[in-house]
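Colleague: Given next are the chains, with one letter for each unit.
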Amino acid sequence: MSERVRQLRRNREKSVFLRISAVLLLSGIAWAWLTSRPLLGRLSAERRWENFQSFVSELGPSPVRKSGDWSEAAPWAWDLLTDEGFVALVTTLGIATSAIILSATFVLPLLPLASRQLSRPSPFGLWAGKMGFVAEGFRKTVGPVVRFGFVLARAVPEYILAFLLISLLGLQVWPLVLALAIHNLGILGRLWGEVVENAEAAPAVQALASGQSRYGVFLSRLLPANFNRFLIYFFYRWETCVKDATVLGMLGLLTLGKLIALSKGFFWDQMFFYILLGASVILLGDLFSTFLRRRLR
Amino acid sequence: MMGTPGKYGRRRWVVLGIGILFLLCAKDLGLTPSGLIPPDATRWDRAGSFFSAAFNPAFDYEDPNVPDDADPIWIKGIKGVFLTLKFALGAMSLAVPAALVMGFFGSSSWWPEPRGRLLNGVLRTIYVSCRFLMSLLRSIHELIWALLILSAFGVSPLAGMVALALPFSGTLGKVFSELIDEETREAATALKAIGHRPVQTFLVGTLPGALPNLITYSFYRFECALRSSAVLGFVGIETIGLYIELSHEEFYYREVWTYFYLLLALIVVVDLWGAGIRKRLNADSGGCRV
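Quick note, the sequences are listed as chains H and B, same order. According to the working numbering, the first sequence is numbered sequentially starting from 1. According to the working numbering, the second sequence is numbered sequentially starting from 298.
Don't read these hints as lab results, they were simulated from the structure. Incorrect hints may appear among the rest.
What the hints assert, rightly or not - Label pairs and their calculated CB-CB ranges: (1) H:N51 with B:E546: 34 to 42 Å; (2) H:W70 with B:G492: 54 to 62 Å; (3) H:E136 with B:L561: 43 to 51 Å; (4) B:T329 with H:F52: 53 to 61 Å; (5) H:E136 with B:P364: 49 to 57 Å; (6) H:L276 with B:I317: 27 to 35 Å; (7) H:V23 with B:K576: 50 to 58 Å; (8) B:K576 with H:Y215: 25 to 33 Å; (9) H:K66 with B:E547: 24 to 32 Å; (10) H:G216 with B:E547: 50 to 58 Å.
All C-beta atoms in this analysis are idealised placements derived from N, C-alpha and C, irrespective of residue type, glycine included.
Just chain B, with the same shape it has in the complex:
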């Protein structure tokens, strides 16, 4: 794998090529170091007040027009965190079952053997169309799905959940199918040899081995769903992202940081939770699976 002089040479060219690619992109986009400095005095002030607010998040509303009987800001923030969590959970509960079905039909290790030409053709057609469907679902970003679905059906929690669940089911399904196909075949072969039917072989011989990885990958996508549901706040779904946007529009930067810290806390906690699950299930992180 390593050690041959030719490979060393190739690595050098790859790095060089990536460097040149960066320069080309930077030139095309007009990325110059001066662009990193806020362009005028107002922006400087704004940047200054924004970042100083980071050390001074709001414990009380900056907005003078908040009614007296409103929740204190940290309660509102925590409610926002729970709304984000709820939304992500709802979306994942739609995405995972859909992905299991698509993942099954998008994998080939359960195909009976030997099989006739007709059966082979049918299975192949299902396989290819399922994989195509998953790619299609995946290649439209959840924000765009949200835009389409909310325009078509109006704003509602269910529409938002479906919008998030569609691309996630595509991603999950693709990874599920690959995890199933990568699973070692020894157990399945043994079961088949003593007369089990293909579906039994799959359910008993293949699926249990792949299960830890399926679970940890689903959890990893749950972490992603949390981030995405915060982002969907920007298109009007009530999650903490909506609060961030509204406060930011009014330049209440200290409020922005309060919400921001709560969101960060949520994501970091779930990240650590996921690490705990991975460790106990002894599975890889599956981070690079899509």
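Here chain H stands alone, though its shape is the one from the complex:
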């Protein structure tokens, strides 16, 4: 019995690549912990503790801290909401929604060009007619180029992108929308690309064989059949956009992030309130999106 077990163990699948990856990651972690000095910063332990205590003591609503009466918290919160909170909330949601719709609009027409099966001289392995040198070269290169474009687009962190765009376009909503849209273009490109890749091939092959173009196949077969899967990813990324739009405001636009950044250091109670407000919006967006995605599944 144990001989058999040993034999099974010897013959199991092994991958050098995975082993090297594991060693690299683990030694990387050890390196990170051993070389991050000073791990706790330069402050003394007492100083940190004092910092922490004064920070916590200022988180409660200021009228409540003065009078000790929690009934004063509600009007205080309402003031903050009607003053700028609601506007900031709506702006945050608007930025997230328009950004994700924008990137979806640009990704869709690129998908047939990015698809590993469609975007090649012989789509799905079917002979697609005689091709000139140029046309064949185009069919061979366009797929990897578009896919690499997606990789680049998602490699740029949206916060850094927004920061750079603001200095070029001025402080307005476009830089934030564009930053989110570009980053999500790369991510939707990958996620939707996988949907197309995993789609059932038979209907597409049949349509191709009967003479439809690549775009025709995409629009008439692949897209309608996988519509719900596309929507699931769409809503998932929308939800992430809401979260990111909140903090992009820290760059200076009226979303919750700006209110948080402005009240930081002076009005810790307000900052804490806006943080909780943001968290509850994200929580709601999360629930809404999870609900929709479940229904679509």
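Use these hints to put chain B onto chain H, whose structure you have.
Modeller: Then chain B, alone, in the frame of chain H:
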């Protein structure tokens, strides 16, 4: 799933609705095409010099005040890349174990069966509070966590790592719990039938099957952690983001591009590495899991 006329109609309405939603948002935000053009001559110049610097990244400091004994810019940039990597690795090494614990208590497939009312109540309470905790951790962005934690404890590498690890553990934990619960139950049922205890069943029958997906998803989040740790440079933690911000403040656009290209190279390499791991573990990308 498809082919019924009613569904085609619904799809059309969904697309139309999304289009209308975009127009509404654009109107509310004041998104007009003219906003895409830099507003004045200085901005035009700045945009011009910024984008022309893309083809001409700095191989030497543009800043005249750099001391002579400083590292050459590409060494500084590569150090920045390694700091970013180090920070992300540190944060992930905190987040993954925390997520494993929360993922276990946030899943239900290991619950013993049958169970008494008391046990059922206890398990349900743990399950619900664990899921709530994970949502809470997730719904505050890492930058805000950083703001809170750095304000409370002062700037330090550990504080930054914890700030990044908190929301990541929430996300990872939620996905882990779902991956565990989605795992097929056949092996677990068989083990239970021959008398294994629930925890044994979980460790031998459920976890190994879910492991490839857990690993690839963790790696995917590692890619995200790299981006986030670059961003945390903007709140003062020393990663390559800090260098980008400082050079950008001084309008040294060619330096910005040098750092930017190095950051891109790091992220693209790790992205390809992740694709290799996914392929070998035969798991899905888990991209849409949160």
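Colleague: Which numbered hints turn out to be false for this structure?
Modeller: 1, 3, 4, 7, 9
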